[in-house]
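Chemist: Chain by chain, the residues run as shown.
Protein chains: 4
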Amino acid sequence: MPYRRAPEWQISHWFNTPEPLTLARLQGRPVLALAFQMLCPGCVSHGWPQFLRVTAAFPELYAIGLHSVFEHHDVQGTPAALAVFLHEYGIDVPVGLDMPGGGAGPPLTMRAYDMKGTPTLLLIDAMGRLRRQYFGPVSDLHLGAAVAALIGEAAAGNDNPPADEFGDVGRR
Amino acid sequence: MPYRRAPEWQISHWFNTPEPLTLARLQGRPVLALAFQMLCPGCVSHGWPQFLRVTAAFPELYAIGLHSVFEHHDVQGTPAALAVFLHEYGIDVPVGLDMPGGGAGPPLTMRAYDMKGTPTLLLIDAMGRLRRQYFGPVSDLHLGAAVAALIGEAAAGNDNPPADEFGDVGRR
Amino acid sequence: MPYRRAPEWQISHWFNTPEPLTLARLQGRPVLALAFQMLCPGCVSHGWPQFLRVTAAFPELYAIGLHSVFEHHDVQGTPAALAVFLHEYGIDVPVGLDMPGGGAGPPLTMRAYDMKGTPTLLLIDAMGRLRRQYFGPVSDLHLGAAVAALIGEAAAGNDNPPADEFGDVGRR
Amino acid sequence: MPYRRAPEWQISHWFNTPEPLTLARLQGRPVLALAFQMLCPGCVSHGWPQFLRVTAAFPELYAIGLHSVFEHHDVQGTPAALAVFLHEYGIDVPVGLDMPGGGAGPPLTMRAYDMKGTPTLLLIDAMGRLRRQYFGPVSDLHLGAAVAALIGEAAAGNDNPPADEFGDVGRR
Chain Y
1 MPYRRAPEWQ ISHWFNTPEP LTLARLQGRP VLALAFQMLC PGCVSHGWPQ FLRVTAAFPE
61 LYAIGLHSVF EHHDVQGTPA ALAVFLHEYG IDVPVGLDMP GGGAGPPLTM RAYDMKGTPT
121 LLLIDAMGRL RRQYFGPVSD LHLGAAVAAL IGEAAAGNDN PPADEFGDVG RR
Chain W
1 MPYRRAPEWQ ISHWFNTPEP LTLARLQGRP VLALAFQMLC PGCVSHGWPQ FLRVTAAFPE
61 LYAIGLHSVF EHHDVQGTPA ALAVFLHEYG IDVPVGLDMP GGGAGPPLTM RAYDMKGTPT
121 LLLIDAMGRL RRQYFGPVSD LHLGAAVAAL IGEAAAGNDN PPADEFGDVG RR
Chain X
1 MPYRRAPEWQ ISHWFNTPEP LTLARLQGRP VLALAFQMLC PGCVSHGWPQ FLRVTAAFPE
61 LYAIGLHSVF EHHDVQGTPA ALAVFLHEYG IDVPVGLDMP GGGAGPPLTM RAYDMKGTPT
121 LLLIDAMGRL RRQYFGPVSD LHLGAAVAAL IGEAAAGNDN PPADEFGDVG RR
Chain P
1 MPYRRAPEWQ ISHWFNTPEP LTLARLQGRP VLALAFQMLC PGCVSHGWPQ FLRVTAAFPE
61 LYAIGLHSVF EHHDVQGTPA ALAVFLHEYG IDVPVGLDMP GGGAGPPLTM RAYDMKGTPT
121 LLLIDAMGRL RRQYFGPVSD LHLGAAVAAL IGEAAAGNDN PPADEFGDVG RR
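Chains as they are written, first to last, in this note's numbering: chain Y, 1 to 172; chain W, 1 to 172; chain X, 1 to 172; chain P, 1 to 172.
Same shape as in the complex, but just chain Y:
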């Protein structure tokens, strides 16, 4: 099998959900997660609008935000700061605060996925495998294709997808 299991995320604080959302609990449906920082311009201008567009178009997805603060922790990194951001932007999907790794570096989930920065999109299939990871812009055309393929597999009960014709990080 060419895909690795998506690392379980490590979250210090959840918003917009009554209980923690582990990957294990979400299995059975594809997951689209957006790792962002509240003061990252590309996250606010492109990442979040596209993420909300995709999750509205494909309600079969679990939609999860990950606040992966790797710089300016004092300003962006607190639950209070994240709560204000979510309130001001009217975001009501579940969002987890990525667990600080100690010191000034990236948080633990960001490290486990070896993310290069924000925004990063993670696309995880219904079996819990990491199928796509996009850092920076990806077109709606290619993202829609990647998402729909996982929804189709889940609907068909197909747990042995073809090797990915789009390469490691997804066609953009």
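Straight-line alpha carbon distances no greater than 20 Å define the calculated SDA-like cross-link-like pairs of lysine to any residue that follow: (1) X:K116 - W:E88; (2) W:K116 - W:G42; (3) W:K116 - X:E88; (4) Y:K116 - Y:P7; (5) P:K116 - Y:E88; (6) W:K116 - W:G101; (7) Y:K116 - P:E88.
Just so you know, these hints were derived from the structure itself, not from any lab.
Computed from a predicted model, the values in this text were never measured in an experiment.
With chain Y's structure known, arrange chains W, X and P on it following the hints.
Modeler: Chains W, X and P in isolation, oriented as in the chain Y frame:
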């Protein structure tokens, strides 16, 4: 099989191709066709830009334009008018002039597909079956999904696709 | 006086007006005219939308379209073709068909203003003087400034405006 | 004179300027100021892009940002938070942190101008008079007109402008 064979198109004049492009000749790769009128505002502002975006993103597609003139035939309907439009807009994909049906009504290909107007997108799979027909706006997300599914089937040699989970005319 | 009198336009056919609109008749209010061709992509995608935006924002303006066909006369140049274009695009401001100059060259109004192509915007003050001529893109910021200045002069009865601080063809 | 003197702003901390910028010091050129909050979506998506567009188009303006925090003071209201925002968004015009008024209410400059929220644009003429105050969206067309009028007055040494034909808060 839930899909019907795409009707062969009927063309009076081809542009940007050394020889006529019948559906029979194109079999083996999915086809995306845009039926338009040169003076239809939605075709110019949305239809053509999206069509060119999709065909650039997915080079596995055959990209075909169909000039399906169902009104103002005297102004829009001549090969000379279409030639000027293609030149001014820098369109270099093959475009066929949909065969006039006689009188003021819709042309023959438009009738065969029972198109409601322009722009209409036709998505035909590598086996020559009509899989999607969109009249008016469709999101890049859903169009990318539909196109990529047919490319995936063709690559896998899968000629027995699942019943369409998106319904008759495609999710938008 | 640093401004020249705007040349009277020469029109073979008017649309959307019960009688011909000479510049002499329009004097007393500023005039914004858009010279275009129906198959010029920049005219359709940028020129007309901006022109309609400006004339809606500043109802003090006379808004006039000039169909200045300098190429592909057989396809674009007839009153019938222009009528279809205006109908399909829902344009209801007065539009004049610039008088053909004979042969394949530019029409007479286009020549009188020495236009370089389409779209071209002409801004004429309430005294009938040509104050701005923009070929190609101009920002809403600078166009709004230029239009409002002429409206202000007309309201103040000021017929001796300062030399233009923006230069010959207008700041963009 | 129908215009009131713009109240001097009250700033607790300046960024991107070697010394405090009082209105008295800026007199002689028109001033465009943007009052914003770093976590206000409309400020980030529309207010700042338009402000930067206007100040690039009209270099005769003094461009000033005012961080007028009237809610979520603990997250948005510190100099450290503002410094991160300016760094992440690449903003290099002078920005002042509006002086907190004590408690949870609006800061002192916001009160002095009776601002209704953010984003708010203030347009102050070269004589130090408040000429326009826009809360929320204003079109580039009308903003360009208002700005250029003040630049024209300043260039002409005209200190007795006509009563404003656009009304109290500016045409949008």
